[in-house]
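Protein chains in written order, with the UniProt record's numbering: chain A, 1 to 140; chain B, 1 to 140; chain C, 1 to 140; chain D, 1 to 140; chain E, 1 to 140; chain F, 1 to 140; chain G, 1 to 140; chain H, 1 to 140.
Hints listed in this document are in silico derivations from the structure and should not be mistaken for laboratory results. Note that beta-carbon positions come from the ideal geometry of N, C-alpha and C, so glycine has one too. Some hints could be false.
Said to hold, decoys possible - From the structure, some residues in chain F lie toward chain H, with a derived Cβ separation under 8 angstroms:
1) S68
2) S69
3) S70
4) R71
Number of protein chains: 8
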Amino acid sequence: MEGPGSWSSSGGVGRPLTEDEMAEVKKDALERMRPYLCDKIIAERHFDYLRSKKILTREDTEEISARSSSRKKTGKLLDYLAENPKGLDTLIESIRRERTQNFLLQKITDVVLKVKNEKLEALKDCPDNENYAFQRNCFD
Amino acid sequence: MEGPGSWSSSGGVGRPLTEDEMAEVKKDALERMRPYLCDKIIAERHFDYLRSKKILTREDTEEISARSSSRKKTGKLLDYLAENPKGLDTLIESIRRERTQNFLLQKITDVVLKVKNEKLEALKDCPDNENYAFQRNCFD
Amino acid sequence: MEGPGSWSSSGGVGRPLTEDEMAEVKKDALERMRPYLCDKIIAERHFDYLRSKKILTREDTEEISARSSSRKKTGKLLDYLAENPKGLDTLIESIRRERTQNFLLQKITDVVLKVKNEKLEALKDCPDNENYAFQRNCFD
Amino acid sequence: MEGPGSWSSSGGVGRPLTEDEMAEVKKDALERMRPYLCDKIIAERHFDYLRSKKILTREDTEEISARSSSRKKTGKLLDYLAENPKGLDTLIESIRRERTQNFLLQKITDVVLKVKNEKLEALKDCPDNENYAFQRNCFD
Amino acid sequence: MEGPGSWSSSGGVGRPLTEDEMAEVKKDALERMRPYLCDKIIAERHFDYLRSKKILTREDTEEISARSSSRKKTGKLLDYLAENPKGLDTLIESIRRERTQNFLLQKITDVVLKVKNEKLEALKDCPDNENYAFQRNCFD
Amino acid sequence: MEGPGSWSSSGGVGRPLTEDEMAEVKKDALERMRPYLCDKIIAERHFDYLRSKKILTREDTEEISARSSSRKKTGKLLDYLAENPKGLDTLIESIRRERTQNFLLQKITDVVLKVKNEKLEALKDCPDNENYAFQRNCFD
Amino acid sequence: MEGPGSWSSSGGVGRPLTEDEMAEVKKDALERMRPYLCDKIIAERHFDYLRSKKILTREDTEEISARSSSRKKTGKLLDYLAENPKGLDTLIESIRRERTQNFLLQKITDVVLKVKNEKLEALKDCPDNENYAFQRNCFD
Amino acid sequence: MEGPGSWSSSGGVGRPLTEDEMAEVKKDALERMRPYLCDKIIAERHFDYLRSKKILTREDTEEISARSSSRKKTGKLLDYLAENPKGLDTLIESIRRERTQNFLLQKITDVVLKVKNEKLEALKDCPDNENYAFQRNCFD
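Turn these sequences into a full structure, and let the hints steer you where they fit.
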């Protein structure tokens, strides 16, 4: 069983993805899995772990709890996680600690790897890849 | 005892009401009965049946439950039901299953028939009734 | 044994009260007697009879039993009864069956008659009383 | 000894009641007899037989015994029996074995037959009765 | 004794359903049986088994127990089970262990098979079924 | 037993306070006693009496009960009472009925009289006091 | 008499499990044996020993005794024991003292060793295991 | 018995930490231990002691008790304690009084000391440490 951090190790372009690019990959993956995760994840369960790892503050958890349905709560949680480079990794650790939703881990790993490979493909076709770290893809 | 669907069978204009028109009738009837139904109906009791018939989703029920009084909960429930052509019919079935509020069934039937007859009257006075199905009445 | 429904037979306005009006009268009477009944009635004692007459469901009795004091339990019971046109009548029958609280019967009858007479007075002053059955009083 | 299941054999609609419909009939009959049975039946007497027939578990009997009066105990017992298609039949067998309350048997049989006939009447008025087994009535 | 997972073995489209599709089938079946299961299942009885199989955590059981009626408790339990691919299977195992509600097993199996067949029919009409695993049906 | 309304009888300006002015006085007194009353009063205890006197509706009591601490509940109750000219009087009657908090009665009376006297003083200094009944004080 | 703590002595990774890891192992083992232990253990029998060893307080035993069936009582007892690093060991000592349930001892030991070995396997695959004592697994 | 406050006595920067800095340390430690403490601590047990030391008010305890699971209750308790400079110390005293969770004391002390040392390290690298007491670290 490979750790969640293992997906950022290698790349097909001759160079590994930078941290910023990997953060983009995770953000994009979270976006694609959004409907699935909003069904499966109960936001409150992960508050304590995410706060202890300083991914969420107490105020963030209050903002999330103020939503009126569990899907909206999870949606807000994913918004917070997407903005933090370690957000998705810490969520995965929290899911692993809970133990009742291990089936989610494989799914998330699959999607992240899929998005990462697409990114690597795009970078191969696009030689000018030393540019501004915040850009989403090489076409804008 | 006639089934709840029976009110959509005949009409006085020479033609029965279309499904869209009947949906309008039910929506209008729900609106008129609103104060009465908000007093009588306890929203949570009908969640299971309405979910099993795919009238409400789990998220809808969470939204309803987040309200702070039973009247507001029922009000929100009626809003959801009004937007679904089968909403009122399924609520009636659920009331019949509960058995303790059969007195509501006659009331609801009476109001729906009253609104339906008004609709038929309006259509009689208004020959151009083959138009756009989503319009509310024939005057706009 | 005169039935509890006997109070709905006559009226001073030249016409008897309609069923809806009488339901309003009973609901109002239950509201006025609330502090008195909450002291006197033990909700659990009437569950079996009220369930057999389809005034309460099993779920209703569970909701009532979840309250933390007997006054709150009876209060919740009265809320359920108030919404059912036959609620008060069936409670009276159940009290009569128990036999230990017959002193309640006279009290309840007195209050219902008092509220009914007030209703009849109000109707006398207000000739337009053939209107829409769901309205609460003749002033809207 | 004729089995207690004998009441489910014939019907007036040209077809016998399905198992689900018969389960509904028994559940409804138990509900109607509730005040009577709660007075007459002593729950603990039937524990051993009901456990041997796998209608109750040990945990169920503990839950029942934790109630504070014999009426409440019997009430809880009836709740468990109502949810099991063979619950009422097994209770009848247990009463018959005890021999001291045979007068109950006739009463129970009468009520079940009465409810069953009402059910058959309702079905006669409603020809479309070959549908989905979980529905409670024939109107959907 | 055939395992509860046996229903996922064959399919009529030339290929068996994927795990994701089967999870969808079970979730949909739970939704349809909701009113029936909420009547029959007592949530607390299954806590120990579901916790030992890591379907529920202790916190989940506390959330369920905080509800005020047994129907609401079971409703919440079903919500948790629906989100877990193995939720329904484990519930079935737990029912089988209890032994007093074996009549539920046939019902549940029937509904799951019915929903599964509907799914297979839908897939047959829709050739493009090798796509993204998270999608719910073939129409988006 | 002197009625709680006795404090509105006389005034030092040559004329008694109008009903509107007295309602202002009571509202102001409730505001000043707020921290004290929030500590001492348990809102739920007064629901039945206040509902029977039509100061609160069932919906109001549900709104109050939805608060998460007894201080917040009492605070919300005081908000409702402050808007009703008879709110404070009815609360006093309810406290008197309970009998365990008679020490509150003297305190409340003192504060109301104090506020009333301040009001009378203000009116003396301000001859133009026949104006618009809804104004709060004579300076705007 | 070998102490129950003897299972924490050796490990296959070259290092023994830390106290925290061993506490996790016991907690997990208790969770897996839950349905079995809830059937077999009578909570009240172990109160005196567990209180004398300061695993339970008097308040804990009162909380346990307030449950309505013996299964629920044992379930609550296991929840308390799982949170205490010495909880399971002390329970084992108490079972040994009682002498009538020695068959439980082997079962418990087997499950604990099984969980422990799984833990050691997971640690072997993951060399970086000297980190922060509160983490549950070796992947952060 | 050394007091829990003993950890605030010395420092490695040539000066001890100020009270505000120490409060920051404890708040940070509570945040890091959050998942662990939420599992282990039962909030209600510490209410009486914390109220007697004026760390919690009656209203705080009601707010905590209104949560639906024990983890959420403890989470809320930790939020209150984190905002009070003496919150953690008083919790430690309360744990020591209970005697059944002494294993927690060592853990908490370890984490507080670890966080404190990190703080001292940060202060050493940053000579300008006589500034505004409310700042969190020396980098803003």
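Hint check results:
With its C-beta approaching chain H no nearer than about 4 angstroms, S68 of chain F sits inside the 8 angstroms limit, and its interface hint holds. Hint status for S69 of chain F: holds, given a least beta-carbon distance of 4 angstroms to chain H, under 8 angstroms. The beta carbon of S70 of chain F is positioned within 8 angstroms of a beta carbon in chain H (closest approach about 6 angstroms), and the interface hint is therefore held. For R71 of chain F, the interface hint holds, since its Cβ comes within 8 angstroms of a Cβ in chain H; the closest pair sits about 5 angstroms apart.
In summary, this structure violates none of the numbered hints.
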